[in-house]
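Protein chains in written order, with this note's numbering: chain A, 575 to 1334; chain B, 1476 to 1774.
What the hints contain is simulated information worked out from the structure, not anything from laboratory work. Do not take every clue at face value.
Derived pair list, reagent style BS3-like, types lysine-lysine, alpha-carbon separation capped at 25 angstroms [as the list claims (entries may be wrong)]: (1) 763/A - 870/A; (2) 1684/B - 1528/B; (3) 1181/A - 1197/A; (4) 1197/A - 1528/B; (5) 1752/B - 1572/B; (6) 1197/A - 1551/B; (7) 1087/A - 771/A; (8) 972/A - 1277/A; (9) 1551/B - 1297/A; (10) 1297/A - 1236/A; (11) 1128/A - 1626/B; (12) 1572/B - 1116/A; (13) 972/A - 1297/A; (14) 1128/A - 1551/B; (15) 1297/A - 1508/B; (16) 1572/B - 1528/B; (17) 716/A - 1116/A; (18) 1087/A - 1197/A; (19) 763/A - 634/A; (20) 1057/A - 1128/A; (21) 1087/A - 777/A.
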Amino acid sequence: MTIHRSLSRREFLLSAMASAPVLAGVSRPSNPAIGELRANILSTLDYPRVALHRARVFTKVFQATEGKPWEVRKGMALREHLRTVPLYLRPGDRLAGSISETPGSMPLMAELGFGEEGTDINPQWRGYLKGQVPRDVWEYWKTRNLWGRFAASNPGGPAPVSPESGRRAPYKLVSNQGHLCPSYSELLKVGLGGILKRVRERKAGERDAGNLAFLTAAEESLSGVSEWVRRYAEFLKGDLARIAAKVATEPPSTFHEALQLIWFAHQAIHIEGHGWSCAPDHIDRLLLPYYEADKKAGRLNDAEALLLCENFVLKMLDNTYWGPLQLTQALCVGGSTPYGHDLTNHLSRLFIEAATNLALAEPLIWIRWHPRINQEFFDFCLSRIAQHTCFPLMWNDKVVPQGLMELGVSREDAYNYIAVGCNELAIPGQAYFNPGASANYLRSIEQALRTGAATFDSFAAAVGTNLSRGIERSYREHMAVFKATLQWGRTSFTSCFFDGCIEGAHDMVLGTKYNILSCGGVFFANAVDCLAAIREVVYQRKEATLDQVAAACKANFHGHERLRGKLLAAPKHGNDDPRLDDIIHLVQRMRDEPVKAICRDPRDGTKFGNTHITKAGAVLTGKVTGATPDGRLAGTPLASSVAASAGVERNGPTAVLNSVAKLNAAKSWQSGYQVNLRFQNSMLANKANRAKVRAMLNVYFNKGGQQLQLNSIDTEMLRAAQKDPAQYRDLVVRVAGFSEFFVNLSPEMQEEIIARTAHM
Amino acid sequence: MTGRIFDIQRFCIDDGPGIRTTVFLKGCPLHCKWCHNPESISPAPHLSFLQEKCIGCDACIDVCPKGALARTSSGKAILGRQYCDACGACAGVCDTKALEMVGRDAAVEEVMAVVLRDREYYQASTGGMTLSGGEPLYQPAFAKALLVAAKAEGLHTVVETSGFAEWAVLESILPLVDLFLYDYKETDAHLHQAFTGQSNELILENLRKLHAAGARILLRCPMIPEFNARKEHLDGIARTAASLPRLAGVELLPYHRLGRAKLQRLGFLARMPESVKPPDEHTVRGWNDYLTRQGVNLR
């Protein structure tokens, strides 16, 4: 087994988009104008366009302010950018505020790094910056920005490279952390003006230089955002102009005003530099009072509200950053209070409806399942999956808050959690997701194959030692980057939406209410299967030695077919097999114990959470990963979720879910895991079948499943599988009393199944 | 107590209410031309070979006493069925299950251990265990033992049957069965004989007795173009349904060809002419409408 390289967290996020529904799904916008806006946005998302205004202004301001504190200069530069950036509004758009001066273009965050990373998933875009970064901008920043400074202080770390080469750096060096959810409830109450007032009051009489630096920066950036909104008031016409004029400083009073203010603030956070996976708070809850008041006053009907929701979803799509459709922004609705009351409301439904109508790959739509979820609403959500292939995705209120409480979060706050990104968790304004280490199971197993361990226990101990060493190394690397961001990754505007920052006069990177760093682990299911196969074949049946397994993996099983057969016949995770129970717990322990011993948040010494991150990264990483002791061939997909390795699931979805429920989510996966199930479209489109799926999911969540993504297999996916079988090896279809891998069926049979799927 | 099964399938959603685990018993006294589980008809185990799963380890070639297996230039094995007597030696060494015996003897406890793994799902969906086949009543003692065990665990039980069994067998399981999925394949006795190999007299008599005894019955009617899909048969369905007032309903099962996917791996020849095509949606709706107009309670 050779692992050529491990994917960064960012790569998983990017690759997640590959598994999301196709960009141009069948959309049914509720009104032609929205349909045109959708088409207009999509027409500029075909390749990454670059906008330079921000980089030019930041260069000029930083050159003119040498000697001032870094964060003050950033605040001033942001303000100057917002005061001068050319404005535009796409035809039909009823929510103003754009990421840059040109439709479909992303700003360069010169003070962080030149971010060519975001295009890695689309190799055809590599080097897209060629010739586009002005020489003087590049020359000024190459040693001064976050990336350059990190490289200078960490010789041997990733070197600053030409922005034109298309090489990659850790994403935290080319963008801010992201994976966060600001809290917008105070913004809605007091407006931008009210927050600015709070900053000024806090600043009055402050003597401490560090505190003053943050408060000055916040004053600058908040003023800049207000000025930017006021410029829109002059630029726009009619009602949109009136709304912008109002929300430039004042709090909103209508649904449209509230939505517009949230978008301005949310967009400004992205302009300040928080790109990846930023979520707009519990938007359905925040907007409910405005929606209800408008309806009562006769100012708003449901059709109009749906249009605005669709418009908001399109604004998230239009939020171009490091290339189109790469932000994995989340929009999460529903959920319960800590006392079991359902918080799902009519707007939750409208946002899901809006996203379904538009059929987009971004934003990712999430709901929070809980034991008292309205079953009719849950049915509605599942019916939308039949139309949209995977949204909404689901978190479980019965499990997620338990994990957060395990990390020291209060019960009230834990139940306020929200989805950000692919499978990261945050609490609006109080905690955000931040990876601080990673565990590479497969590499640790590969290394242990060479130990010649005499017993399974000593083999497992060797794997554990390797894993522990790997965690320690990655923790050191992560912390070096993290420390650089503490200094040069500050964002004063965004900090205003995080608890304690204004009062404490410090940036959010220095700490918010809860500081949660996490250790990621990937391909858990393959790790379980590898250990199970080695235990059975090498130590229980003694059919091969460790060296033979190592040699067979190295040869990709050429000439070792019989050994591969034995390894494949060993129990596989995902089949509800009790023989794996102890191995599941062993693998969880192997990571949890070293993480507990080694990893501490450098800011406050708190312990790490654990997470599991993989989506379509399973296919990408699989391509560059050699054969593994679970019998998997080189280059074939790895496990796309914690549920099962690719293509080993034999006993159907209840067995998969029973297997997942054996994981201890609250203790070992506080920051989230990932479970995928695929169903033929007919399972979700037909109401009677859907009721059975719903019953199954209720059981799964009630018995401790943390997360779930349902993919509906449609004709398109089956056609894609016919064209590119290697990518769809794990696609199982159940027909006439047997299950089979779709790609194993004869072309004639595949046609039969496609015809049948299309009918249902 | 053991019996011969050829599959246990979890999360079945078409074999009765809720989420179910279906136990497929091997062996059937009928042999319907359209059977989509052709491997279920013979009680004897059968060798299935799916070349796509073969990884070319040659273990099967070494153990085959008949020399029925060889390696092809693609590196995968090939099976010469004319030399094979389905002894199963090769399946015993085939770790990837490219070669697999369809049909094995399983103990009641073994079957129930699998069935009970999904108990929570049955409870949440009013599901349970379904016996199917083959004809489950072709192994009456084993079928009854499974039903007794399921009832001891408080599970909802369904038996999917052709009705071709000794009345005493049906009578003996009556209290153990919550729902019968009872096949009604052809109205005309001669055609029934021609299509299925048996006349329908015993089947109809059992249906009437079962109904009179108070059993809950859903009539299931396979609709096969060029065979039974004609007006006279639809009328027969309506008449039969009308004569059984406590019937839980009637369900039409339109012909599909998915069973053909299995023919190649089983080494069977297709028994249905190529010309018989699955009915289109319009036709199926026509049948449903026709029966509804005659007052049939369709599912």
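Inset, instruction - Find the hints from earlier in the document that the structure breaks and name them by number, from lowest to highest. - result: 2, 3, 5, 10, 11, 13, 15, 17, 18, 19 and 20
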